[in-house]
Structures are given as structure tokens and as C-alpha cells.
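Asker: Take a look at the letters that make up each chain.
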Amino acid sequence: MEINSKSVAALKYAANDENLSTQSFEALIKLIFDSFIVDLKVGKLVPKLETKNLDTFDVPKVELKEISASFYTLIAEFARHNFDTVSVSTFLEDTGFSNEKINIFSQFYLEKREIIRLFLSSTTASFPHVVDVNWRLDYIVKENNLERINEPVYLIELKVEKSGETELSKVQFSCTVEQLQDLVFKLKEASKSVERLAQI
Amino acid sequence: MVQLHFNDRQKETIIFLNSFDDSIIGEFCRISTESIHKEINSKTLNNAAAKLNIPPMQLKEMLDLIAWIIIEGARLSINEKELQESMIIVGLKNELANVIVASVMNNMHLLQNYMSNMRINTLSYNNLEWRLDVKLATRSVLELLEPEVILKFDFDDGKNKKEVKILQTDVVNLNNLTNNLEEALNEIKSNHCRRVFRNIV
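Sequence order for the protein chains is A and B. Here the first sequence is numbered in my numbering, starting from 1 and rising by one per residue. Here the second sequence is numbered in my numbering, starting from 1 and rising by one per residue.
It should be emphasised that the hints constitute simulated quantities derived from the structure, not laboratory data. Source: prediction; values computed, not measured. Note that CB positions come from ideal geometry on N, CA and C, so glycine has one too. Careful, some of the hints might be misleading.
[Claimed, not checked] Which residues of chain A face chain B? A partial, calculated answer using Cβ under 8 Å: (1) SER121; (2) THR124; (3) PHE127; (4) TRP135; (5) ASN145; (6) GLU147; (7) LEU168; (8) LYS170; (9) GLN172; (10) LYS186; (11) LEU187; (12) LYS188; (13) SER193.
[To be verified] Cβ-Cβ distance ranges computed for the label pairs, FRET-style: (14) VAL134/B / SER106/A: 28 to 36 Å; (15) LYS61/A / THR122/B: 58 to 66 Å; (16) LYS159/B / TYR72/A: 50 to 58 Å; (17) LYS186/A / GLU39/B: 23 to 31 Å; (18) CYS193/B / ASP132/A: 20 to 28 Å; (19) ARG131/B / GLU114/A: 23 to 31 Å; (20) LYS65/A / LYS165/B: 40 to 48 Å; (21) GLU189/A / VAL90/B: 53 to 61 Å; (22) LYS162/A / LYS159/B: 22 to 30 Å.
[As the list claims (entries may be wrong)] Each computed DSS-like pair below joins lysine-lysine, with the alpha-carbon atoms no more than 27 Å apart: (23) LYS162/B / LYS186/A; (24) LYS170/A / LYS165/B; (25) LYS189/B / LYS186/A; (26) LYS93/B / LYS81/B; (27) LYS61/A / LYS30/A; (28) LYS65/A / LYS6/A; (29) LYS43/B / LYS186/A; (30) LYS192/A / LYS165/B; (31) LYS30/A / LYS101/A; (32) LYS101/A / LYS61/A; (33) LYS186/A / LYS170/A; (34) LYS142/A / LYS161/B; (35) LYS65/A / LYS30/A; (36) LYS152/B / LYS162/B; (37) LYS170/A / LYS159/A; (38) LYS186/A / LYS159/A; (39) LYS162/B / LYS162/A; (40) LYS192/A / LYS189/B.
Use the sequences and the hints to build the structure in full.
Answerer: Structure (C-alpha cells):
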């Protein structure tokens, strides 16, 4: 795991109890971890750090910004490698943090690790992701060029999430009864093989 | 009860058809079907009109009428009885009506094929291929174990243009998708749908 030297320096600064007291440390860490919240409207993570809360610390502004940035870097790296508390503690110890601070950090980290990993994985490249489906069954009676058609037809709409876009896009298509039967059969095959995979 | 509705001019032309015998009407039908694909040569038209001793314009009107009957018949998917009746009602002789009905029925399928190419075409489903993957790692997150299903849809937009869409989904969404579409499929067998299909003819 690699952290750039600037961040390491800032972390060492934060480790020093004279620069950042344990209470201030706890408050700052809590702020940082709590910033990984879920935006309920879109169901996405929206990391927000309320900067006005940073004014309450007795640390000079520049150092405070550097410390916060280095903590974010550290947390991202820990989550990326899926570190457990032992590895986290070891690293923090090597950087010079007191046991108290280590315990506080580990507690928050354990709580938030999965959410942070979720957030990190939302930045990967992927195909558009199907999240919902709408369907409609119509009966074609006639058209201007052909009467007496009398055919049922399905209109299927897949709601799709594209990475980097907040709005959902749609994939629309029509199909006959036979085509839908084919589609459902294949989807069931896929579901069954996923189930079998889960049982291995 | 489907019927062909002739306007007054067409009714006059029908009466005029009566002055020919069925073999000539048969010839008219043959020429009319060809005229649907390719316009009639005016020289041939004039020659034929001279042989029958009628003005060329009148011959053209009769041929156009028969062509109209063939196209309308295909559009309405008219059956033999309905077609026969429609023509007899406006005064066409029985034997001549038979000849025309035979011609319409012969060409109906082909014409309906042509007409179905003019239908409104939405993107329609052709085929689905799927693949099950397990995501192990990405640049931002290591040590993952996430199952993922890749779906490759083949679509056809009716004008011989194929479209391929590659989508992905996860286990939960795949199950949701499958269940919803299965429900859609079962709707066709419901009482409501059965009643509608039976009663709209």
C-alpha cells in the first residue's frame, strides 16, 4: 500500500498529540467518516464534508486541510485493499498514532468500510446496468395500410443506469409472444446458473 | 361484415365490365396485377384498346379499378364471400365476379407481404446471449467477489438494420427482471385477454 510522502507527513503531524488532541482527532475522524452518506433520492453515495464544521478545531486552517486530505487518502487506500483492523492498527502504529487514536479510528473504519468500498466501486467502467423493467401488452387491431391484424404485441422498457450519469436511461423494444417466451427462457437459464454458482 | 365500397365513378366502370366475357376479364386481371408492380406500356394499352374497340382511357379505367379491388381486398383481408357480394351488389355479373375473386385471392398473400413492410416498426427483439462473470477487482477496489450477468441483446428495427446492445445486471435485478417478464407472459392467458381476443374480429 502506497501513500505519497506529503500525506504521510500530514499524518505524522496529526499523530502528534500536541498538534491534534485526542478529542479533536475523534471529532475530525467522525466528521470524515460520517461524510460518506447515502443520497436517498438517487440511492447513491454522496460524500459531503460540511466545511463549516471544520472551523471549530483549534488547528491552523492550512494544516487542518492537509490532515483531512491525508485521512481521506488513507481511508481510501485501506478500503481499497480491504484491510482488516489488525493491518490498519499496524500501519497507524508505525506512523506514530497513540493506541487511543488507533482504537477510535478502527472502530469507525470497521463500521464504514463496506460503504466506502461501495462508493469506490461506483467509479469503475461498466456496461449500462439494468435496474428495472416496465412492460405493456397491446393488441394491434388495424393500421392504415393493413386491416384485421389482430395480433398481441409486448412493449418492454428496461431502465438502465449508466456510470457517470445520475438520470436513468431507457432501452425500449417490442416483441411478439414467441419472442418474449424465448427471452424469458434465456433469462431463467441465467438465473439458474447464478443460483448454482452460489451453491458452490 | 367487411365490404368494398365503390364510389359512383367506380360503379359506372363496373357496369361497363359486364360487356366483356370472362376470358377477357381474366386477361384484365392479369394485366392489372402486373401493373401493380410496373406501369403498363401505353403502346400496349392503345393496341389492346383498339383490338377491343374501346377508347384507351376507358380500358385504363377498368384496369385501374381491378387493381384497386386487388389492393383494397388485401388491405382489408377480405374473404371470398364478402368480396363476391360487394361486387354483385353494385351490379357485376356472377361469372365475372368469380374471375376477379380468384385473382384477388391468388395475389392477396404477396400483397399483404408488401404492405407489412410499410408498417410502423419499433425496435424488436431478436435474440439474447448472456454471460455470468465474477468481478474480482477493479482499479479502485481490490478483493471483490461480485457476480455479474452480461446481457447481449440483438435488435432488429424492421428496415434490415440490426442493433446490438450490451447491458449488464446483478443477481437481484436479474431475478426482478425475470419475474416481471414472466408475469407479462402469463397475462396473455388471463380471462380478460382471452375475452378481448375472441371478441375483436
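Asker: None of the hints should be skipped; say for each whether it holds.
Answerer: Tested hints:
{"no.": "1", "hint": "SER121", "result": "holds, 5 Å"}
{"no.": "2", "hint": "THR124", "result": "holds, 4 Å"}
{"no.": "3", "hint": "PHE127", "result": "holds, 4 Å"}
{"no.": "4", "hint": "TRP135", "result": "holds, 4 Å"}
{"no.": "5", "hint": "ASN145", "result": "holds, 5 Å"}
{"no.": "6", "hint": "GLU147", "result": "holds, 5 Å"}
{"no.": "7", "hint": "LEU168", "result": "violated, 12 Å"}
{"no.": "8", "hint": "LYS170", "result": "violated, 11 Å"}
{"no.": "9", "hint": "GLN172", "result": "holds, 7 Å"}
{"no.": "10", "hint": "LYS186", "result": "holds, 5 Å"}
{"no.": "11", "hint": "LEU187", "result": "holds, 4 Å"}
{"no.": "12", "hint": "LYS188", "result": "holds, 6 Å"}
{"no.": "13", "hint": "SER193", "result": "holds, 6 Å"}
{"no.": "14", "hint": "VAL134/B / SER106/A: 28 to 36 Å", "result": "holds, 30 Å"}
{"no.": "15", "hint": "LYS61/A / THR122/B: 58 to 66 Å", "result": "holds, 59 Å"}
{"no.": "16", "hint": "LYS159/B / TYR72/A: 50 to 58 Å", "result": "holds, 53 Å"}
{"no.": "17", "hint": "LYS186/A / GLU39/B: 23 to 31 Å", "result": "violated, 48 Å"}
{"no.": "18", "hint": "CYS193/B / ASP132/A: 20 to 28 Å", "result": "holds, 24 Å"}
{"no.": "19", "hint": "ARG131/B / GLU114/A: 23 to 31 Å", "result": "holds, 27 Å"}
{"no.": "20", "hint": "LYS65/A / LYS165/B: 40 to 48 Å", "result": "holds, 45 Å"}
{"no.": "21", "hint": "GLU189/A / VAL90/B: 53 to 61 Å", "result": "holds, 59 Å"}
{"no.": "22", "hint": "LYS162/A / LYS159/B: 22 to 30 Å", "result": "holds, 27 Å"}
{"no.": "23", "hint": "LYS162/B / LYS186/A", "result": "holds, 20 Å"}
{"no.": "24", "hint": "LYS170/A / LYS165/B", "result": "holds, 12 Å"}
{"no.": "25", "hint": "LYS189/B / LYS186/A", "result": "holds, 21 Å"}
{"no.": "26", "hint": "LYS93/B / LYS81/B", "result": "holds, 15 Å"}
{"no.": "27", "hint": "LYS61/A / LYS30/A", "result": "holds, 18 Å"}
{"no.": "28", "hint": "LYS65/A / LYS6/A", "result": "holds, 12 Å"}
{"no.": "29", "hint": "LYS43/B / LYS186/A", "result": "violated, 60 Å"}
{"no.": "30", "hint": "LYS192/A / LYS165/B", "result": "holds, 23 Å"}
{"no.": "31", "hint": "LYS30/A / LYS101/A", "result": "holds, 12 Å"}
{"no.": "32", "hint": "LYS101/A / LYS61/A", "result": "holds, 21 Å"}
{"no.": "33", "hint": "LYS186/A / LYS170/A", "result": "holds, 21 Å"}
{"no.": "34", "hint": "LYS142/A / LYS161/B", "result": "holds, 25 Å"}
{"no.": "35", "hint": "LYS65/A / LYS30/A", "result": "holds, 15 Å"}
{"no.": "36", "hint": "LYS152/B / LYS162/B", "result": "holds, 13 Å"}
{"no.": "37", "hint": "LYS170/A / LYS159/A", "result": "holds, 5 Å"}
{"no.": "38", "hint": "LYS186/A / LYS159/A", "result": "holds, 19 Å"}
{"no.": "39", "hint": "LYS162/B / LYS162/A", "result": "holds, 22 Å"}
{"no.": "40", "hint": "LYS192/A / LYS189/B", "result": "holds, 25 Å"}
Of the hints listed earlier, those the structure fails to meet are numbers 7, 8, 17 and 29, in rising order.
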